[in-house]
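Residue numbers (my numbering), protein chains in the order written: chain A, 1142 to 1464; chain B, 84 to 408; chain C, 39 to 355; chain D, 110 to 656.
Worth flagging that the hints you see were computed from the coordinates, not collected in a lab. Be careful, since some hints might not be right.
Restricting the straight-line Cα-Cα distance to at most 20 Å, the calculated cross-link-like pairs of lysine to any residue (SDA-like) are [as the list claims (entries may be wrong)]:
1. K565(D) - R124(C)
2. K538(D) - P69(C)
3. K197(C) - K363(D)
4. K277(D) - I82(C)
5. K277(D) - R587(D)
6. K106(B) - S127(B)
7. K217(D) - F193(D)
8. K305(D) - L73(C)
9. K305(D) - L131(C)
10. K305(D) - K278(C)
11. K538(D) - N79(C)
12. K524(D) - P69(C)
13. K363(D) - F193(C)
14. K321(D) - R124(C)
15. K538(D) - I82(C)
16. K278(C) - T186(B)
17. K565(D) - T77(C)
18. K570(D) - R587(D)
19. K299(D) - K318(C)
20. K538(D) - S50(C)
21. K106(C) - D302(D)
22. K318(C) - A498(D)
Facing chain D, according to a computed beta carbon distance under 8 Å, are these residues of chain C, among others [unchecked claim]:
23. G70
24. I90
25. G123
26. L209
FRET-style restraints, in silico, Cβ to Cβ [to be verified]:
27. G359(B) - Q1208(A): 41 to 51 Å
28. V102(C) - N1248(A): 50 to 60 Å
29. S230(B) - A1439(A): 23 to 33 Å
30. F193(C) - Y459(D): 27 to 37 Å
We treat Cβ as the ideally placed atom computed from N, Cα and C, and that holds for glycine.
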Amino acid sequence: MAEPLLEVAGLKTHFPVLSKLLRRRVGTVKAVDGVDFAVAPGEVLGIVGESGSGKTTVGKSILRLIQPTEGSISFEGRDITNLPAAEMMPLRARMQIVFQDPMSSLNPRMTIGRILAAPFEIHGVAKGQELQDRVAGLLGLVGLPEDAAQRYPHEFSGGQRQRVGIARALALRPSLIIGDEPVSALDVSIQAQILNLLKRLQGELGLTYILISHNLGVVSHICDRVAVMYLGRVVESGPREALFFNPKHPYTEALLAAVPMPEPGMRRARVPLGGDVPSPANPPPGCAFHPRCPRAMARCAIEAPVPTQLGDGHVVACHLHGG
Amino acid sequence: MAEAVLRAEKLGVAFRIPGGRTKAVDGVTFELRHGETLGLVGESGSGKTLTSLALMRLLESPPAELSADSIVFEGRDLLGLSEAEMADLRGARLSMIFQEPMTSLNPLMTVGRQIDEPLVRHLGLSAAEARARSEALLARVGIPRPSEAAQRYPHQLSGGMRQRVMIAIALACRPSVLVADEPTTALDVTIQAQILDLLRELQDELGTAILLITHDLAVIAETAHRVAVMYAGRIVETGPVAALFATPLHPYTEGLLRSIPRITRIREAELPEIPGMVPAPGQLPAGCAFAPRCAFADAACHAERPTLMPAEGGREVACWKPRHG
Amino acid sequence: MLPYIGRRLLQSVPLLVGVSIIAFALMHLAPGGPLAVYTLNPTITNQDIERIRIVLGLDQPVHVQYFKWALGMFSGNWGNTFFGGRPVLDVILERMPATFLLMGSALSLAILIGCTIGVLGAIRRYSVFDMLATSGAMIALSFPTFWFGLMAIYFFAVKLGWLPSGGMNELGEEGNLLDTLRHLILPVMVLALVITAIWSRYTRSAFLEVMHQDYMRTAKAKGLHARQRLLSHALPNALKPLIALLGIELPALFSGALVTETIFGWPGMGRLFVDALTMKEYPILMGMIMFTALFVIAGNLIADILIAALDPRVRLS
Amino acid sequence: MSASSGFRLSRRGVIAGGLAAPLVLPSGIRTGHAQSINKDRIILGMTQEPVQFNPLLWVNAGTENIPEVCMFDALWDVDENGTFFPNLAAKMPTKENGGISPDGLIWKVELRSDVKWTDGQKFTAKDVEFTYQSIMNPGIAIRSRSGFDLIKNFKVVDDTHIEMELSKPFIPFAWAWQNMHIVPHHLLSKEADINKSAWNAMPVGTGPFLLKQRVAGSHMIYERNPNYHRGAPKVRQFIHKFVPDQTVLYGQIKTGEIDYMGLSGVPNDRWTEARAIPDRVLMSVPQPWVQFIYFNCGKPQFKDARVRKALTMACEMQKSIDDVYYGTTPRTLSYLQPTHWAYNNKLKDYTNDPTGAAKLLDEAGWKIGADGIREKDGVKLKFSCSTTAGVPARQNTQALFQQNWKKIGVEMEIKNMPASVVWGEYTTKSQFDTLLVAWEPTVGMDPDYTARCHSKQIPVKGGVGSNYVQYENAEVDRLLELGVTQGNPEDRKVTYGRIQEILNEEVPFAAQLGTVQGNLAKKQMTGIKTSGYTVNCAWNIHEWGWA
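Modelling step: build the complete structure from the supplied sequences, incorporating the hints.
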């Protein structure tokens, strides 16, 4: 593997739990609790998991939108875990995020042109006619008409707003884009448009993506490698084909089995998964998945499994495999 | 073929806007048969949720205005019922569950009391009887330790558990029709599977007909017997699930099916997409509403709006140039 | 719950200290001071003023004065008034019942009527009733309280002679409850008018907010009757923000009571405050500020406890 | 905007501000009910409330005078003609009767022997001595030792005789004891701290009434003292009621809820209406305060007396009274009310003469400059005028004078401030240009005016007095020093007449009007004597009754 663009090691991000009445710390949410992965340049990594798995927190921790509790994050060969804000600033241009709901991140009182010009102005890279040209270029890149610059966010549909969000993320030519559920709020037909756009841009601009999603279909379509998270940890990761067609972790299997297929009669044999995802404030001991795991053993309740290499970059953290 | 328990005829929902009215749902006709699941599928703005609220007469009026030739439920036209008569039906014969289990339960009331309410209201049970029945219902929808769970408040339950509670409430009085509006959209995929399985089981048990409203074709494929596809306030295609998914007649249905990203071993370089976007209500083109996005549209499509026309195998399609036809 | 209350009260100590420091500092920073009433009297010489300054302890540095005062407060001694040397707590307490009677009556009446109007307005939004209630509230809020007070006195006391124009009792009728009630009617009416107007707006918007919640739709989909939906579903939920608001609004109500007390010669704390302010009676002002702060803290605490009782999400987290 | 339109605007402001009053109290209102009079009692209504009742500690003149006069007595009082008459003293000491030594230094006072405190104890010279000692006690917050600080030696001769030796002859000394009510030795001498004594709230005195009940914020009820040494009051009860809003108070006297409205009185704009109310009497009571324009003689513009006089000449003084005060207040030309016994009736009113004013300024060398404003030696005749902010009547007065002065090429800027600011160091350290003030004489209602215009009384020049205008005139100094030693009122009248004459020419302060108060009483009330020599509207309360 080439020198990774981003390397995350032992990442932990914990939040205090405060009681409502007393505002006293009554516990800790271990939103991310020991995550390791690396992303090579030009690669698309998918992080999948259900709500509470910590996938969004991983994304925000990488960008230091949330300060991680422990572990290290290296970007372009540089440890950025504890960089002061001033030094983080130029790096922010290199790593961008695209959110699920672009509406909430677009200032409703600014035209699209102003919104797209802002990154250039903040980082002082362009002004005047050059700025205009750059904005026009961005609009063209994401497939929006040039006159969009004069309009306001509310005049656009969800799909178009997401295009604006992507254009803004691309403004400063980042090397890494983190997409946090970028297509989840969109209708299927629009979702396809945005996925195609993301894929095209990746090819044209040589971008690296981390795509955070709960939608396995989306992840399967766009990602090279996939990491499956459960309660703050990566339970299985590996190349897309291995993960989807040769899953090793019972949770990955169950997840895949639960995905409904748009082909009547093609229903897979369900892996019965009882109960709910436990609260990350109070995860079960041992393997966090064991209370719901159909193949749990006595050992699983006591000992947390360590990640095991299965070859070809396929890693699984389960007592059924390896150690 | 089983007889229809619910039949809507030319159902429409309009909104007053400055300078006129805009039709958000227009001429929707369908029937729901005993014990079957009819999937009503469409993207946002297609009018599927408005249709369901209109059936329940839960639309807020004003601003919404309901119109229909008839909505016949168990032999009675709902349009002719007083609000009191309608209230007698709701929760008893005709129930509904909603998309957001997080907000659809009253946060200040124990879940037990919230299930008790329709039992007391419709079946005239005493508080104790109702509670016993509620606990049985909680057990039936798969909530462990039901008598304890009945004492809990919604915020103490997970999303999946809350949706189970919603189902318990809706099915408490054994209704003949359940309207389920995006019942699993807010849930995680493993929980979605559980809830869909539960709905199916309960349907088998109670013979309840389900109108399943969703944007997710995969959910329809797994759950529904028949499906109606809505676009821009109208039904564009109906038919049995297997046939419709195998050979979609309407170009919109076809495009929709193809644009779903699937887990395939060898992935397509590019997802087929439907260009453009759904027109806003009030800005519908003169002809077929889908024509501007349709690869097969010709002058006729732009000129005149197609109506639902019968096709083979009990199917219907509203298209001048149906596919596979 | 008890440890919670104890903790909250403990938490309010720094707040009280902060309030007292700011109030003390502001009072002493303001030009004038209690001896200003003497400065322009030609029969009072500068030596006289210096002498009084020493007797009242005003010659000491402000922080020393503050610590003396704070030490006294800590041991339950609220100090003595500058003019007349009466114990501050006595001076405040002898006015308290009148204010509490007026505010309590006006508040209860206003909340009762205001909530009813608000609920009806929310249920029948845009109806004739709602329009009337809305414009009525706007009118009530756009006229100053003193104007309503004077109008009420003119019509009911001067012109019709039905009710007394001011005071809390007819002379010699102190303790006669019926007489007090007669005197209470006009000031309560005037004070309640404004609170009702505000409260009906709050209630209306709180109910509108609640009535658009998903669980209200669920209740309707269950077939529940309108009354049941209103009472067991909408009301408790709408009450929550209203209780919180009440906790915040209490100080504002205090100031409303002040104007009303002045117009109607109601022997309450509001007038005491105004008089003390004119005379720069620091001990009374400090006492009243502390009293109000305590009152507000207690109000908020009670509001929080009520909310916790109402809302399991607060209670059980 | 021209100055005249500015004036009209502010008049409109007054009308808007008074919006409520005509609505609440339309003239000709029928007040048929509650009109039967309870002749057992008299109810006096006021806007302010006294906070304590110890005569040693009083703060609010006019307000706390009421409990004081109800429960206490002074050695002597002053009547409505300005003449002293004995109260606790057996007779008024004068040079003629030997009470005052010929050199004016020894004052001998004989006390009545038939006076009792209301707890039954006998009133004696010890009580007077204790009162004096308390005044001089540094631990007691006595408001003023003015006058008493002249006492070099205080001697109790026997139970009914005292002798005081003064450090200098000072006729106005009588005012000190007129203004100080005697407190009981036998009760207060035991108090550890008189400042905080509970007695202050429920005192025992010698006065015509006893405090029976106090309802804080509402009223005080007094019972008649049947053993009062000047004769028991005619009514059984006297009630002092507090109605904080003046308009409401006025409404209450109309409805008959109160019998007498004093202290703040009927608003000036309602006098005509008040006079027309049946069964009520409106009394115009002269108050000690005279309203002036104060010229700061320390400022270069006002150094020359001709400038001050010219500015005064230009003012439409009578118009200001008629327009702003509805003609209710008398015009005065001196620091005394025109009704005062020492008022100089020969003074000439030279105001409302812009031509004369302009001429005088020309003579004085103040020429109109390019900008239309007069100037001399680089100094512009341009200044500010300050008073308490937010008093419409005063603002309107200022606006009128501003116009008057503008006409003669003088620019005045209105610069009003909150009371605590304008009357603070801004005044006492003579920082102002001009002020619009209403001030009283300096020693009771004596014509003495040393503190306000003697050259040794300028605070910024190290003086101890209130000569904030920084006025210096050797003749005035001499006359002021003479006046306080003259025992004969006729002699004094001449002396103070001359002082008033000089001041009217040199105008350190231009008198505008004498303030009056419209007290309103039920017609059937008897014994009320309005007096310009006290701010206490109930000074002869023991004589009040019903016809």
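Results of checking the hints against the structure:
no. : hint                           : in the structure
1   : K565(D) - R124(C)              : violated (39 Å)
2   : K538(D) - P69(C)               : holds (14 Å)
3   : K197(C) - K363(D)              : holds (11 Å)
4   : K277(D) - I82(C)               : holds (19 Å)
5   : K277(D) - R587(D)              : holds (16 Å)
6   : K106(B) - S127(B)              : holds (15 Å)
7   : K217(D) - F193(D)              : holds (15 Å)
8   : K305(D) - L73(C)               : holds (18 Å)
9   : K305(D) - L131(C)              : holds (17 Å)
10  : K305(D) - K278(C)              : violated (48 Å)
11  : K538(D) - N79(C)               : holds (15 Å)
12  : K524(D) - P69(C)               : holds (17 Å)
13  : K363(D) - F193(C)              : holds (14 Å)
14  : K321(D) - R124(C)              : holds (18 Å)
15  : K538(D) - I82(C)               : holds (16 Å)
16  : K278(C) - T186(B)              : holds (16 Å)
17  : K565(D) - T77(C)               : holds (18 Å)
18  : K570(D) - R587(D)              : holds (19 Å)
19  : K299(D) - K318(C)              : violated (30 Å)
20  : K538(D) - S50(C)               : violated (44 Å)
21  : K106(C) - D302(D)              : holds (18 Å)
22  : K318(C) - A498(D)              : holds (18 Å)
23  : G70                            : holds (3 Å)
24  : I90                            : holds (5 Å)
25  : G123                           : holds (4 Å)
26  : L209                           : holds (6 Å)
27  : G359(B) - Q1208(A): 41 to 51 Å : holds (43 Å)
28  : V102(C) - N1248(A): 50 to 60 Å : holds (53 Å)
29  : S230(B) - A1439(A): 23 to 33 Å : holds (31 Å)
30  : F193(C) - Y459(D): 27 to 37 Å  : violated (51 Å)
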